[in-house]
Amino acid sequence: MPVILTWLHQAILFGAFIMLAALGEILTEKSGNLNLGLPGTMCVGAAAGIIGLDVYSASGGKSAFMIIVISLSCAFAAAAAMGGLYSFFTVTLRINQNVVGLVMTVFGVGLAKFLSACFVNIPASGNVRFERAYTVFSAKVPFISSSLGWVSYLLFSYGFMFYLTIALAVVLTLFLNKTRHGLALRAVGENPAAADAVGINVIKFKYLSTCIGSGITGLAGLFCVMEFKSGAWSTADISSIKAFGWLAVALVIFAMWKPLNLIWGSLLFGIFYWAYQYIIQIPTDITQMLPYIVTIVVLVIVSLKRRKENQGPASLGVTYFREDR
Amino acid sequence: MENAKPVRTAEERSRAPLFHITKRLSIPKWEAWLIRFLSFLGALVLIALFAYLTFGINPLDLYKTMFKGAFLGKNYLIPTLKASAKLLCIAVALAPAFKMKFWNIGAEGQVLAGAMAAAFIMHEFPLLPNGLLLLIMCVAGIVAGGVWGFIPAAFKSRFGTNETLFTLMMNYIAAKIVDYFYNSWKGVKSALGMINGNMLQKATFEKGYLRYLWRDSASSAWYQSEDTWFIIIAASLAAAMYFYLKNTKQGYEIAVVGDSQATARYAGISVNRVVIRTMIISGALCGLCGFLTVSAQSHTVSSEIASGYGFTAIIVAWMSKFNTLVMAGVAVMLVALENGSQAVTNAFYATTGFPTSSASVISGIFLFVIIGSEFNINYKINFRRKTREEA
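Respectively, the protein sequence lines represent chains D and E.
According to numbering that gives the first Met the number 0, the first sequence is numbered sequentially starting from 0.
According to numbering that gives the first Met the number 0, the second sequence is numbered sequentially starting from 0.
Looking at chain D on its own, in the form it has when it is part of the complex (with noise of 0.2 Å):
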């Protein structure tokens, strides 16, 4: 296998939960509510979703079915119950979403250590791996995975979430261009206030577009141990997701909040991401500051055009009080 096809087939596996978190947040920031919150979220819904396996494992179960319905359940559960304290403070109680969302990400990370702490028997050294857990998560599709060549490397050689992750940018693609609600959750993400004198529940939106939002930033948690840690758990690797999450956070901006550029741009960041074992003359740190480089390149560029549809939300961070002037 040539080594380009080794580098973008990582790539694509890197890029792919980093997408799948990335999609959750833009769903929740095209309600003007930047959650800050994701790296703490996308832990939580990890060991919400580990905690859900081991005990399904401990009683015996062996069913791929319910390996993968308990997990991801438990994950989107977890993470939206987050994204639902995310929005009672910021929406309900009106307080500054920079604040509620870097709180959450320390009571987050806190939290997902104390659970797997709690319910997780991880031995002191090393790390717990779900072995059952990963292959079925793992599990690829036959013959197309294989009888291709390296198009099937690159493209079918993954498991069941890559496609979920693909799938769901198409879908919120069409949901916010092709459909009312979507429209409606567009518009109270760039004016609250006119979209409140139309008649469109701002608090409900903003409030399911959170919450739905993270739960899919969940999943991404889970996703990261499953494929890319190759189903191991232990307490380092909340640290590892936790910087992921930031990376999320950072690869929404360079999507320019549209769900299709995900897929490129999670390519991008996963191609810097590995370039320290394929370029070895460039130290992996500079490498891996690319993105960050990238990202703010492009926040520079889109506000420099001052083109309406490549900018965020414009409502972005700002709290919503209908008597407010």
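A couple of the hints might just be wrong.
Said to hold, decoys possible - In silico PhoX-like cross-links for lysine-lysine, where the CA-CA straight-line distance does not exceed 25 Å: (1) E/Lys-28 / E/Lys-320; (2) E/Lys-81 / E/Lys-100; (3) D/Lys-203 / E/Lys-379; (4) E/Lys-28 / E/Lys-245; (5) E/Lys-22 / E/Lys-98; (6) D/Lys-307 / E/Lys-28; (7) E/Lys-63 / E/Lys-73; (8) D/Lys-61 / D/Lys-139; (9) D/Lys-203 / E/Lys-22.
Honestly, the hints are just simulated from the structure, not real lab data.
Computed from a prediction, not measured in an experiment: that's the story for all the values here.
Given the coordinates of chain D, assemble chain E onto it according to the supplied hints.
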């Protein structure tokens, strides 16, 4: 029918919302502080409840251990005060930017930039006379932090680039630059260790350490302690910033720009100039904190030396409503909580299995309650009246 009085029917009454929220125009100071104090107590109760329900820890023991771990005895009090000083220093740096409604969430990066510059001088020129070395380190730290604050401000005022996202990204760039130097300096060793920390190399030993200034004298007066100086500098910065924001022309300009940029322009204030100047000050103070951290605390550099305080300081600054004197109290409170809950997990881990990560859960619960109480200060809940109003 014509003279029937408009009595609200049961149905009509139930259609009126159960409560509605209005913004308070003003709130007496004592009432605001009462709300904050009550929420502080409420947070303490919740923390105890959490520890009791999960691991059966006796609330009284919990409070006692927390208090002891934060304040009692020299081994606990000094670290708490020193960490508070660091947190306060960053929060003070953020105050002018936040007052201007410039959401600088890049303090972590600005501190790291300052720390990196100071450490670089310390690492490369250890043979300079120590006073001069410390001076250059200090200036380098301030300049680097200022540059890190200037970049997003320049783009904000020139092109309107979103400052929250820009400063957030600058954090990770600074962290990666620090990682780069850390890794190249440590070479094949497993960790960098202290810079100029080799006792055998007399010429460079402890060069660039604040305590090296008094290394030759035998006595140990109060002023020879790095800890004391860290605390004194942070406290005087807080006082100076209070004066700057309240009593100077520039402070007034910051307040006007924060309230309304249109008003500022109308009054002949150059908004761009104020934004850039204030962000340079903000970044420079963060850089100063980075220098202090390197020269008077860690004596080394890594992307962890800001200990996340660049983010915690945002919470401190916001909770204190940009009043730098209040910040001192809030900073001590948060650090005491952090050290106290650390002490709790250390004390109860062996007996009950209370995991170390509970410290951040405790911090999270506490912060949520405290920041949530701001709602009651800014807004009022009006419940639906139960009596028939217009009867």
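Given hint E/Lys-98 paired with E/Lys-22 - CA-CA distance at most 25 Å: 20 Å, holds
Quickly compare the C-alpha distance for D/Lys-61 and D/Lys-139 to 25 Å and report which way the hint goes. 18 Å, holds
Does D/Lys-307 pair with E/Lys-28 here, judged by a C-alpha cut-off of 25 Å? It is violated: about 43 Å lies between the C-alpha atoms, which goes past 25 Å.
Does E/Lys-28 pair with E/Lys-245 here, judged by a C-alpha cut-off of 25 Å? Status holds; Cα separation ~18 Å.
Please work out if D/Lys-203 and E/Lys-22 have their alpha carbons no farther apart than 25 Å. Holds, because 21 Å separates the two Cα atoms, which is no more than 25 Å.
Would you check the hint for E/Lys-81 and E/Lys-100, treating anything up to 25 Å between C-alpha atoms as holding? The given pair, whose Cα atoms are some 29 Å apart, is violated under the 25 Å limit.
Does E/Lys-73 lie within 25 Å of E/Lys-63 when you go C-alpha to C-alpha? This hinted pair holds, its Cα atoms lying about 17 Å apart.
Under the criterion that the straight-line Cα-Cα distance not exceed 25 Å, is the pair E/Lys-28, E/Lys-320 satisfied? 13 Å, holds
Does E/Lys-379 lie within 25 Å of D/Lys-203 when you go C-alpha to C-alpha? This hinted pair holds, its Cα atoms lying about 21 Å apart.
Consistency note: the structure conflicts with the earlier hints numbered 2 and 6.
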